[in-house]
Amino acid sequence: MVTAFTSYEDAIACYHSPEYGAAHKLRLYGVALAEMVIIGDSMIHDQSNNFVKKRNGNRN
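Heads up: the sequence shown is residues 1 to 60, going by the working numbering.
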């Protein structure tokens with residue numbers, strides 16, 4: 001399945017939504033492998049969804 005979002009913030013909002021939370025619980029036990037790729041964002045994000053640094057090395 002491929003899902004496109006208009007922004008990184010929209011993708012994070014979806015990830016934290018109650019609807020995705022319910023589906024995520026089912027997905028955890030229903031597949032052997034799951035991958036996520038975010039394309040189109042020039043920022044690197046840490047696991048708490050904070051902007052860490054730009055690719056050129058500048059801190060926000």
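Be aware that a few hints might be false.
[Claimed, not checked] Quick list of the computed label-pair ranges, beta carbon to beta carbon: (1) Tyr-29 <-> Ser-7: 12 to 20 Å; (2) Arg-27 <-> Ala-4: 16 to 24 Å; (3) Tyr-29 <-> Thr-6: 25 to 33 Å; (4) Ala-4 <-> His-24: 17 to 25 Å.
FYI, nobody ran anything at the bench for these hints, they're computed from the structure. For glycine and all other residues, C-beta sits at the position ideal for the given N, C-alpha and C.
Each hint, compared with the structure:
{"no.": "1", "hint": "Tyr-29 <-> Ser-7: 12 to 20 Å", "verdict": "30 Å, violated"}
{"no.": "2", "hint": "Arg-27 <-> Ala-4: 16 to 24 Å", "verdict": "19 Å, holds"}
{"no.": "3", "hint": "Tyr-29 <-> Thr-6: 25 to 33 Å", "verdict": "31 Å, holds"}
{"no.": "4", "hint": "Ala-4 <-> His-24: 17 to 25 Å", "verdict": "19 Å, holds"}
Taken one by one, the earlier hints fail for this structure only at number 1.
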